[in-house]
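Colleague: For chain A, the structure is supplied; the task is to place chain B on it using the hints.
In the order they appear, the protein sequences are chains A and B. For what it's worth, this note's numbering labels the leading residue of the first sequence as 4, then goes sequentially. For what it's worth, this note's numbering labels the leading residue of the second sequence as 4, then goes sequentially.
These aren't lab readings, by the way, just hints derived from the structure by calculation. Predicted, not measured: the structure shown is a model, and the values here were computed from it. Just so you know, not all the hints are guaranteed correct.
One copy or two, it doesn't matter: identical chains are merged, so the pair holds either way.
As the list claims (entries may be wrong) - Capping the alpha-carbon separation at 20 Å, the derived lysine to aspartate or glutamate pairs in EDC-like fashion look like this:
hint, residue 1, residue 2
1, K185, E202
2, K72, E169
3, K195, D215
4, K412, D83
5, K377, D84
There are 2 protein chains.
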Amino acid sequence: MFTTSTYQNRRQALQNKISGGILLFLGNIENPINFEHNTYPFRQDSTFLYYFGLAVPALVGLIDLDENKEIIFGREATIDDLVWTGPQESLSDRAARVGVTETAPISSLAEYIGRAIAQNRTIHFLPPYQSANKLLLSELLNQTPSQLQPSVSLIRAVAQQRSIKEAQEVAEIERAVAVSTKMHLLTMQLAKAGMKESELVNAVQAFAGNQDCALAYPPIITVHGQILHNQVRSNILKNGDMVLVDAGAETAIGYAGDLTRTFPVAAAFDSRQRDLYQIVLDALEGARAQLRPGVSFKSVHLHAAKILVEGLKAVGLMKSDPEEAVQNHAHTMFFQCGLGHLMGLDVHDMEDLGEQYVGYTEDNPKDTQTFGLKSLRLGKPLEAGFVLTVEPGIYIIPELIDHWKATNKYSDFVNYAELEKFRDFGGIRLEDNFLITPEGHQLLGPDLIKTIDDVESYRARYV
Amino acid sequence: MFTTSTYQNRRQALQNKISGGILLFLGNIENPINFEHNTYPFRQDSTFLYYFGLAVPALVGLIDLDENKEIIFGREATIDDLVWTGPQESLSDRAARVGVTETAPISSLAEYIGRAIAQNRTIHFLPPYQSANKLLLSELLNQTPSQLQPSVSLIRAVAQQRSIKEAQEVAEIERAVAVSTKMHLLTMQLAKAGMKESELVNAVQAFAGNQDCALAYPPIITVHGQILHNQVRSNILKNGDMVLVDAGAETAIGYAGDLTRTFPVAAAFDSRQRDLYQIVLDALEGARAQLRPGVSFKSVHLHAAKILVEGLKAVGLMKSDPEEAVQNHAHTMFFQCGLGHLMGLDVHDMEDLGEQYVGYTEDNPKDTQTFGLKSLRLGKPLEAGFVLTVEPGIYIIPELIDHWKATNKYSDFVNYAELEKFRDFGGIRLEDNFLITPEGHQLLGPDLIKTIDDVESYRARYV
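Okay, chain A solo, but in the shape it has when bound (with noise of 0.2 Å):
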């Protein structure tokens, strides 16, 4: 946890940025996974961290600006809690901790949104992702679920607070991004012909448990890297094949690290392995040499899909204008996704505030249809302070060749013949997560390996 007044002076800034009404932020419940009482891990919503700092269920966080208040709704734990649960601290001993001095019962809450309702006061919310909050917002306002309108000003508000990373963010984030470099590198010593994918999947998730870190999301750690984000984790690493690995840890107070690499069961990558590698290495590099304030992401998404077409007309895999054919969206054949997206306390950063807002603007709003954009999060000018990732990649996926080789789709861009040879091939990642300074970036976290020299060297060390 941040110190007291951090979490007092993120809240002041927010305040003065909303013009009035009550501001209502929402932590999230322990889950249930198969009963009431058999629950998931609890992990606090990412805003109520951001403003009110406490890892602690079932909380609700409100700024009456009206009337000048701050208060935390919970629960006190009772004795039965004592027995099954432990001495706990009580709620306004946390609720001090970040500097509120008001606490209420959580069942007190409905009457004040009640009363604020009847004054006809804007009860500002940030769009529920939880069902139970759903539910209890739909509960408080006297609406159905569809009827919920989140608050747009609270949410533009948030997001342009939480996308400038303050100087102790971003060294909790290095920290993330730290142990996630020890989580490839430990996927690098251990992986082997014969080993079953999961099993890599444990390791690392017992390295950062043992590193008093969590998993910023379920690791893709698999030998088919093609399909995008594959929780398959059955298949046995044999050579011949690549193994991809997208692994980031989240520190105790929920900051994230987002890193791929992708590396050869056999000691060395083969000569095909070897020249798509480079490809997408050339488009990290020539990526992240893009990256200050003030170019747009969607611009440095669009460089990174024409060095990837480069690469792939020089080994015949494409053909006639690179630039026409990213143009045209042709790239897509082998990069389907998006080159990256904001990184904080979520590993897409504020997903959940919508990416119109998040990572769009409203001069330039996100492309929801054309296949390949609709999945970049990130699109808009850069700023000094964000955090985000680059990770290019060439994904051959055999069922997306032939549903558009069936229509002659991108045939005067795509060597439909030539790929055939390598509809087996599977996919490449690499990914780096990068500051945007005032001067450009900086690299967050070591320099994990990443060049093939560097990166068979590592591997014939354990292979």
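Modeller: Okay, now just chain B, sitting in the frame of chain A:
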């Protein structure tokens, strides 16, 4: 997954018990952690698994008794899903594996239910525990979540059927218990002074994962065993402490094991630990000896409580007549919870259906007021085919001592002067899993070491 006919037979048996209407079984969704697409590991609802077997998110199983139809509602994969999550089996192929021939898009469910409501037909459903399913039912039935009335006839029929385990279920539970015993042996191998509790949790989790199992519940691994559901894992083990490990595996198709052992961090128990450990072991063995069809588990609970009191009297912590002490609930100074619970697809089997239906009968309802008995999840007469845990313990809770001593509560039975000397003792629990057989009972899984001599000689090999 079991054979197709398993699921067909289970559904047929259920249909024979309900006279008419529609039976609605809501599968679970992937629950968001901190935004919609960052989700916890998927766990299917247990009743859905029991009747429809498919561990796939966002399915609904429907049995229309009036029209003699079985339908699985779900969503077919799109080309986008292919890119993000790889090729998926079709809904109809999935349904065929559990003997259901009709499938429909989830978007058509509301219409189906709406038509049935218009026909004044009964929609039977079970109590929803995940908020997403409360919302879904609320929408389907056009009722507020608090208006929803689960079907008592369906609850009773499901509880009766799921309570009596099939041979193949018992075999699967034995597999879960077998992995659980290995998890426990691992903790006894690894634990040493200076280690953090969480390191044992992480090791156990990775081990279970490498056996293709999940954890059936968040493990309790603590030097403060007196806190019944302790989830703090930041303490450092030191000589003189005992480690209480309550951990169980869940097999790939969802069956749980649930074992507890308590062992010394040093190579041997000290004399007080030894004394109280033996009392708990005596209670476990005494309770076990009573397990047979027709015996109420409440009487087994009270019998175990009496053995605990006898032992505590022998060491000077209690006084007066043990029988009378138990009748007055004075044992709850040391044993605040219930002796055990049913186990199966849930570690607390069918807890979501309601303990009054699952663990009790209409004639012998649950005591929901009395401290101690209100935490006894199973009270009804045992039947052959039940699988359950037996888990006596002694928990010395300083705050509870202070609370009760202040009002002289149980001062006829509790020797507070002596108890004060034990206030930092901690807690001991021992837990095994049993099948009720026509003749009596059978221990499930391998016999995990539990005598003082066996535990000490095992620990001596690793300390």
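Colleague: Going back to the hint list, which numbers does this structure go against?
Modeller: Per hint list: single violation, 2.
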